[in-house]
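Undergrad: For reference, the chains in residue letters:
Number of protein chains: 2
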Amino acid sequence: MQDLLEIVERLFAGDRGALARLISWAENRDSRFPAALGQIYPRVGRAWRIGITGPPGAGKSSLTNGLVQAVRARDETIAVLAIDPSSPFTGGALLGDRIRMEERTQDKGVYIRSMAQRESHGGLARASSDACDVMDAFGFDRIVVETVGVGQAEYDVMGAVDTVVVVLCPGAGDGIQAMKAGLLEVADVLCVNKSDLDGADRLILDLEDALRLRRPRDPAAAGAGAMTPPVVATSAHEAEGLDDLLEAIDSHRRHLERGEVEDLEKIRRGKRIAQVRRVVGERLEEELWSSSGHTATVDSLLEKSITPYDVAEEILGSVLGVSPKTP
Amino acid sequence: MQDLLEIVERLFAGDRGALARLISWAENRDSRFPAALGQIYPRVGRAWRIGITGPPGAGKSSLTNGLVQAVRARDETIAVLAIDPSSPFTGGALLGDRIRMEERTQDKGVYIRSMAQRESHGGLARASSDACDVMDAFGFDRIVVETVGVGQAEYDVMGAVDTVVVVLCPGAGDGIQAMKAGLLEVADVLCVNKSDLDGADRLILDLEDALRLRRPRDPAAAGAGAMTPPVVATSAHEAEGLDDLLEAIDSHRRHLERGEVEDLEKIRRGKRIAQVRRVVGERLEEELWSSSGHTATVDSLLEKSITPYDVAEEILGSVLGVSPKTP
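Just so you know, the protein sequences line up as chains D and U, in that order. Each residue of the first sequence is one higher than the one before, starting from 10 at the first, in the working numbering. Each residue of the second sequence is one higher than the one before, starting from 10 at the first, in the working numbering.
Since the hints were made in silico from the structure, they are not lab data. Note that CB positions come from ideal geometry on N, CA and C, so glycine has one too. Hints are supplied without guarantee of correctness; some may be wrong.
What the hints assert, rightly or not - A partial selection of chain U residues facing chain D, derived with a Cβ cut-off under 8 Å:
id, residue
1, 65
2, 292
3, 319
Said to hold, decoys possible - Per label pair, the in silico range of CB-to-CB distance:
id, chain 1, residue 1, chain 2, residue 2, range
4, U, 273, D, 168, 33 to 41 Å
5, D, 273, U, 274, 50 to 58 Å
6, D, 206, U, 246, 19 to 27 Å
7, U, 276, D, 217, 47 to 55 Å
8, D, 168, U, 278, 31 to 39 Å
9, U, 247, D, 168, 39 to 47 Å
10, D, 247, U, 150, 34 to 42 Å
Using the sequences and the accompanying hints, generate a full structural model.
TA: Right, here's the structure in full:
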């Protein structure tokens, strides 16, 4: 406990070692993390959290890099959490962009951290939200969470940020593919990157058309206050459009802060509830499969004639005292 | 129960209405599904399950379509489960390829079904595995599960099939991006689609290079029997390479059936255990958040100074009698 208080104190004093350590605790589900979060929680809630997602190859890393520069030019501080796949092959972060970004860590106003994708589903969203809380308590003005892919786990991660930027580029990851992957619904801001490439103008028009047809995310919010996501053209390599992107993010922020659709506190409370559910899910997984020997039960029960449902009910019955569900 | 036995009987008699209904039960977590699965379970395990995954735009739907033709040319039967995003925008399946494929359902040897992506993480893998069990019990020789994206949920879906085909194409979704997304590790067969495009030869060489460096999925299996995934070039639109792809899949099947690395029964048992865990996870979610009023507890507990962990421990304590974790 002494250790813990000391680390929290160091975090508040601006010590990056403490910052890194607390994020590692969150990432590794260290048993000390919950108590540490309790200590720093009163300072959580000031930073604006931006999610960057989109198909592989859209240039998300370069764009994040550009966004860091644009934020720094305004003299604000920024932390980046890059979600890398838990790839035994790549061993996590390995990319040129990431390495170039990490050179930036000479700058005291920037912090870059990568986090491996987790095996468990809710795990990634839980850990990234916790890491954002730590970065937020440290005092960064903005936090960017950048995902690699566009799957369910990434959607959950995006569910925990304030403004979601969906990045697309002309070519293979085009507008129809984005709709196919359900990307448009999660976007607060759409960014067409590599806007110097052929097809960019067409993609922008297609997206604007599609957005006009888009149903609002929350049916109850359909009406006056509902905001259609702006489409911003950028070329991260040419450092073009980055201020426009930042302005679109800030405009979304003001929109939420004015509470035209829903109260910001209420939105953030919803995100906290989702986080509680993730924590409960992880802890239950842990209770069931790490410590209590249910794995052995499954193994012994699982014969050809017994379905996974039968085995599951057996386990649930013993844990929760739930009576088996019968048709 | 009478209903249930009748439906199962109809399934065994080759009735597609019964097939569709049982899959809907699996998809919608109908309370009758577990008992129905118990009835059909003895007939599960004969079909070979093929997963098709890869980045959006790689041509997975066209390739699946081509694979269906190649399988039918051999006079085998095939069922396709297409995982569509649960998109309120697209409303699920809408694509030209899918519509073209569904025309094929005139053919009694083919069954096409789409399934919406679930909100819950384990839900998609659980439901798709259940649907495969139903298709398997119906009597199809092969089952193809095709995903839209390449995220965590899709990985889980791929974890439930026998042979995973990762589809890539030259261009934006290139080899480096595939490594970045950790796609190579899950592949049993790599397929370079749109092989008539520029850059296809280069992509094949890059992938072959990368695969030579790939660590085997299971460290214990490193050695004589470990199989390097073959790279197959296809052009689904030109109907080229589809037999090669089918042959690569069959070769992987023979490899597993010979048990050179691990016993096929043992592998499939591992997949069943994973399914048990998903069912337990879903049932716990249900117990906790639908019926027992914990949502209200969370809402009342969640004040600024109480972290999601504190709230989670409170809930776990009341459900499991677990004592709070303290540092």
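Undergrad: For each hint, tell me whether it holds in the structure or not.
TA: Hint check results:
{"no.": "1", "hint": "65", "result": "holds (4 Å)"}
{"no.": "2", "hint": "292", "result": "holds (6 Å)"}
{"no.": "3", "hint": "319", "result": "holds (7 Å)"}
{"no.": "4", "hint": "U:273 to D:168: 33 to 41 Å", "result": "holds (39 Å)"}
{"no.": "5", "hint": "D:273 to U:274: 50 to 58 Å", "result": "holds (54 Å)"}
{"no.": "6", "hint": "D:206 to U:246: 19 to 27 Å", "result": "holds (23 Å)"}
{"no.": "7", "hint": "U:276 to D:217: 47 to 55 Å", "result": "holds (48 Å)"}
{"no.": "8", "hint": "D:168 to U:278: 31 to 39 Å", "result": "holds (34 Å)"}
{"no.": "9", "hint": "U:247 to D:168: 39 to 47 Å", "result": "holds (41 Å)"}
{"no.": "10", "hint": "D:247 to U:150: 34 to 42 Å", "result": "violated (53 Å)"}
Of the numbered hints given earlier, the model fails hint 10 alone.
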